[in-house]
Amino acid sequence: AQSVSQHNHHVILSEAASLELGCNYSYGGTVNLFWYVQYPGQHLQLLLKYFSGDPLVKGIKGFEAEFIKSKFSFNLRKPSVQWSDTAEYFCAVNPLGAAGNKLTFGGGTRVLVKP
Amino acid sequence: DSGVTQTPKHLITATGQRVTLRCSPRSGDLSVYWYQQSLDQGLQFLIQYYNGEERAKGNILERFSAQQFPDLHSELNLSSLELGDSALYFCAYAQGYEQYFGPGTRLTVT
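Protein chains in written order, with this note's numbering: chain A, 1 to 115; chain B, 1 to 110.
Since the hints were derived computationally from the structure, they do not count as laboratory data. Only a predicted model underlies this, so the values are computations on that prediction, with no experimental measurement involved. Each residue gets a CB set at the ideal place from its N, CA and C atoms; glycine is no exception. Hints are supplied without guarantee of correctness; some may be wrong.
[Stated by the list, open to error] Just a sample of chain B residues kept apart from chain A, beta carbon distances all over 10 Å, derived:
hint, residue
1, Q17
2, E62
3, Y97
[To be verified] Here are some chain B residues pointing at chain A (derived, C-beta under 10 Å):
hint, residue
4, Y50
5, F69
6, S86
7, F90
8, E98
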């Protein structure tokens, strides 16, 4: 079965610092890739997605992610974080061809941005 | 706001009881997914319906079942509840590959 790994469980950084969150998946076929964000007490919101094409994708709130097929990775980045980026971030994979379009999520990374 | 609604927001019940969680879609969304989020298991896919028909099953217990009705709203039924069923239950609707999540129902089993 496919799995998704997020290497960091907790990240603490100061405002204006750069953020990079790692995500690796184990699935040999074609996949759709997503990053979701969950602000405290709120629902999951889609940050960005990759289906095909340019492996560097830009999302909302200044986030971007790079798909590296050879490394089965889809890392999330933001050059300069703000206090409002404090949230939990989830990487998710949808293998194409599988029944339905279910998402397999990583364990999440809690990000705390200190003002 | 994703446009997906879930009720109730919070639910506290006792072991052995049965509850029903409800989810309503944005206009035109045919596919609904249910996920469970718990501290020990993380976010796990439970089940998917498409236009009233079951499409895919994940790690859903036999005590749990779901339906999608003609108006496309969906219900997740949880029975013979155990302490370990305490979790956040999310539904998500999709058009194509993108899924839009509801605010979730927090279930506490005491």
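Against the structure, the hints:
no.	hint	in the structure
1	Q17	25 Å, holds
2	E62	19 Å, holds
3	Y97	5 Å, violated
4	Y50	8 Å, holds
5	F69	19 Å, violated
6	S86	17 Å, violated
7	F90	7 Å, holds
8	E98	6 Å, holds
The earlier numbered hints that this structure contradicts are 3, 5 and 6.
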